[in-house]
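Colleague: Residue numbers (the working numbering), protein chains in the order written: chain A, 428 to 732; chain B, 67 to 369.
Calculated from the structure, these hints are not laboratory results. Any given hint might turn out to be false.
[Unchecked claim] Partner residues aside, some chain B positions facing chain A, computed with beta carbon under 7 angstroms:
#1 Met129
#2 Ile190
#3 Leu192
#4 Ser197
#5 Phe200
#6 Leu209
#7 Phe290
#8 Leu309
Ideal Cβ placement from N, Cα and C applies to all residues, glycine included.
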Amino acid sequence: MNSTKRAARLRRSAPLLALAAPGVLLLLAFQYYPLVGNVIAFKDYLPFVGVWESPWVGLENFELIARGDRRFVNALTNTLIITLVQVLLVFPVPIALALALNSMVSDRIKRIVQSVLYLPHFLSWVIVVAVFQQFLGGAGMLNNFLRANGLDTFSLIGNADLFIPLVTSQLIWKDAGWATILFLAVLSQVDTSLYEASTMDGAGRFRQMWHITLPALKGIVILLLILRLGDALSVGFEQIILQQPAVGIEASEVLDTYVYNAGIVDGSWSEATAVGLVKGVVSVLLVLGANKLAHLFGEDGLYRS
Amino acid sequence: MTNSTRNVRRSTLINGQQRPSPVSSVVKLLVFAIACTLVVLPFAAIIATSLAPSAQVTAAGGMVLWPERLDISAYQAILSGGVVTRALGVSGIITILGAVLSLTVSSMLAYALTRSALPGRRAITLLLIFSLFFNPGIIPMYLAVQQFGLLDSLAALIVPTCLNAFNVIVLRAFFGNLPKDVLEAAEIDGAGEVTMLARIVLPLSKAALAVIGLFYAVGYWNSFFSALLYINDPKLWPLQLVLRSYVTNDNQIGTADVASGILPAQVTMQMAILVVSIVPIVCVYPFLQRHFAKGALTGAVKG
Numbered sequence: 428m429n430s431t432k433r434a435a436r437l438r439r440s441a442p443l444l445a446l447a448a449p450g451v452l453l454l455l456a457f458q459y460y461p462l463v464g465n466v467i468a469f470k471d472y473l474p475f476v477g478v479w480e481s482p483w484v485g486l487e488n489f490e491l492i493a494r495g496d497r498r499f500v501n502a503l504t505n506t507l508i509i510t511l512v513q514v515l516l517v518f519p520v521p522i523a524l525a526l527a528l529n530s531m532v533s534d535r536i537k538r539i540v541q542s543v544l545y546l547p548h549f550l551s552w553v554i555v556v557a558v559f560q561q562f563l564g565g566a567g568m569l570n571n572f573l574r575a576n577g578l579d580t581f582s583l584i585g586n587a588d589l590f591i592p593l594v595t596s597q598l599i600w601k602d603a604g605w606a607t608i609l610f611l612a613v614l615s616q617v618d619t620s621l622y623e624a625s626t627m628d629g630a631g632r633f634r635q636m637w638h639i640t641l642p643a644l645k646g647i648v649i650l651l652l653i654l655r656l657g658d659a660l661s662v663g664f665e666q667i668i669l670q671q672p673a674v675g676i677e678a679s680e681v682l683d684t685y686v687y688n689a690g691i692v693d694g695s696w697s698e699a700t701a702v703g704l705v706k707g708v709v710s711v712l713l714v715l716g717a718n719k720l721a722h723l724f725g726e727d728g729l730y731r732s
Numbered sequence: 067m068t069n070s071t072r073n074v075r076r077s078t079l080i081n082g083q084q085r086p087s088p089v090s091s092v093v094k095l096l097v098f099a100i101a102c103t104l105v106v107l108p109f110a111a112i113i114a115t116s117l118a119p120s121a122q123v124t125a126a127g128g129m130v131l132w133p134e135r136l137d138i139s140a141y142q143a144i145l146s147g148g149v150v151t152r153a154l155g156v157s158g159i160i161t162i163l164g165a166v167l168s169l170t171v172s173s174m175l176a177y178a179l180t181r182s183a184l185p186g187r188r189a190i191t192l193l194l195i196f197s198l199f200f201n202p203g204i205i206p207m208y209l210a211v212q213q214f215g216l217l218d219s220l221a222a223l224i225v226p227t228c229l230n231a232f233n234v235i236v237l238r239a240f241f242g243n244l245p246k247d248v249l250e251a252a253e254i255d256g257a258g259e260v261t262m263l264a265r266i267v268l269p270l271s272k273a274a275l276a277v278i279g280l281f282y283a284v285g286y287w288n289s290f291f292s293a294l295l296y297i298n299d300p301k302l303w304p305l306q307l308v309l310r311s312y313v314t315n316d317n318q319i320g321t322a323d324v325a326s327g328i329l330p331a332q333v334t335m336q337m338a339i340l341v342v343s344i345v346p347i348v349c350v351y352p353f354l355q356r357h358f359a360k361g362a363l364t365g366a367v368k369g
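Turn these sequences into a full structure, and let the hints guide you.
Modeller: Take a look at the structure:
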C-alpha cells in the first residue's frame, strides 16, 4: 500500500469509527458490561455498598444449587417439564401447518390463511394472556356459554393442574403460524423436477412426502432443535410471570421467574445471580454440545469451526 | 418448472407434487378454517364487547359477540385523561423516539461494518455475533441500568434495548449487497463516508429500513420486560403495564383513574384498552407481513 492510499484510508477511518461508536458503546454497556456484573454471584451483594465494594464470599451463593434448595429444584423441574412438553407438542405444529399450506391447491386461500395465522405473533404477551382469560377464564366466554346452556363450567385459567396445557396452547396460538415461515421458505426451494421425476416413476403423494419433502426439511429442523436446546432453560418469562398471581408460585415458577422473584423482589441478589449465571453457562454448553451432535450426524448445524 | 411443463402438468401436479385427493383437501380446509376462527373470533369479540352498551354486557355476564347498538362510552372514559391516556402517551413516545434512535444507531453501525477502512472491523463483528449467544442475566442487567442512573426514567425503556444485534446483522447484509460501482464512483468523486451513507446507501435501502424500523417500533410498543424491571413510578407506566394491572390482574378502573367521571361496565373498558393497544399493531401488520417474510430469511441464511 503506498503512502497516498494509506492517507486516504486514514481519512476514511475516523468518520467510520464515529459512525460505529454509538452502536458499539450500546453493545458494550448493555451486553458486555452486565456480563461483568455477574461477579456478584461470588460476593455478598449489599445494595447500599455497591457491586465493587461488596465482600467476596467464594462459592457460598452456589450452595443452594448443590444442596438442592426446594424452591430452586421446583423451578428447575417446572422449567424442564415445560421445555419437554413444548418440544414435543409445539415444535411439530408449524411443520404440519407448513406441509399442509405447501400442498394447497389455491394460492389465494394459502395467502389468506397465512395472513391470519401470522398476526398473533405481533401481539404482546400481556394481550395474549388477556385474550385467553376473557375466553377461557371463570367469567370468560366459554364458561358463560356453558352456564347459559346448563352445562358444567370449568376454568383453564387459575388452575394449577392445567397450567402447562394452558401455556402450551397459548404458545401455539401466538407463534405456530409465524413459525411456518422458515419451513415454507425451505419447501419453496425444493427442486420441483424431483417431484416430476418421481411422478414418472409412479411415486404417490405419501412416497413423495417421505422421500423428497421431509428430507428437504431435515437441515432446518435440526438447526431449530439446536437453538431450542440452547434455550432449554428459558421458558417464556413474560408469559409466565404474568400468570403467576393466578396459579401460584408452586406450579408456575421457572428458572427465569425464580431469578426475578428471589433477586429483585425478595432481595437475595447474589444467590439469584448465581442461579442465573449457572443457567447461562449451561445454556451455552448445551448449544455447543448440540452443534457437535449435529456434526456427528453429518449435518451442518449452527456453524462449523 | 418451465411454462410448457406447467401447462402440461397443471391438471395433476402443483409445484411438481401430486395433487392432493379431494378428501385430504377438504380436511385441510376444515383445519385451516378452525385455526383461522380461533385467531379471529377473540378479536371480533373484544371489539364487539368494547363497543357494546354496559347493560348488554352486564346481562351477558361478560363478553358479547355483537353489540346491540354502538356505544363508545368506554373509549370516552379511558381516553378522557387518566391512567390509560397517560400510558398511551408514554408508549407513543418510547415507540417513536425508540424506533428512530434504534434505526439511526443500527444503520450507522451496519454501514460502518460493510467498509473495509473501519479499524477493528473484525473485532466489532465478533462482538456483535457473540452477543447473540448469551444473555447477561436479569439481575446484572438491572444493576447496570441502576448504575447508569436510568431507573424510573423513560430512557430505561429505550436505551437498554436500543441496539438489536440481529437487526444490525440483517442491515449489514443488505447494505453489503448494494451495487459496489455506485459507492466506488462516489468514493472517487471524493464523497466522505457520512455523505455516502446519507446520500447513497440509505436512499437505496428504504424498504429494508422501513421493515427494520417497524420491527423496532413493534418491539417498543409491546415492551413489558423493561418496564416491569426498571419502572416503579406508575406515572411512567407504558400501556403494557396498564394492561397487566387493569386487564390481566383485573384491578378496578376507578373514578380516580379517568377524568370524565362516567364509568361504563368494567369489561367494556378493559376491552377498549385492549383494542387501543392492538390497533397500532394491526395497522402496520400488512406491511410487516409482506416484507418481513423476506427479511427473516436474509437474516436466517446469512446470520
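Colleague: Does each hint hold? Answer for all of them.
Modeller: Hint by hint, here is what the structure shows:
1. Met129: At 5 angstroms from the nearest chain A Cβ, methionine 129 of chain B passes the 7 angstroms test, so the hint holds.
2. Ile190: Check passed: Cβ of isoleucine 190 of chain B comes within 6 angstroms of chain A, closer than 7 angstroms.
3. Leu192: violated, 11 angstroms
4. Ser197: holds, 4 angstroms
5. Phe200: holds, 6 angstroms
6. Leu209: holds, 5 angstroms
7. Phe290: Holds. Min distance 5 angstroms.
8. Leu309: holds, 5 angstroms
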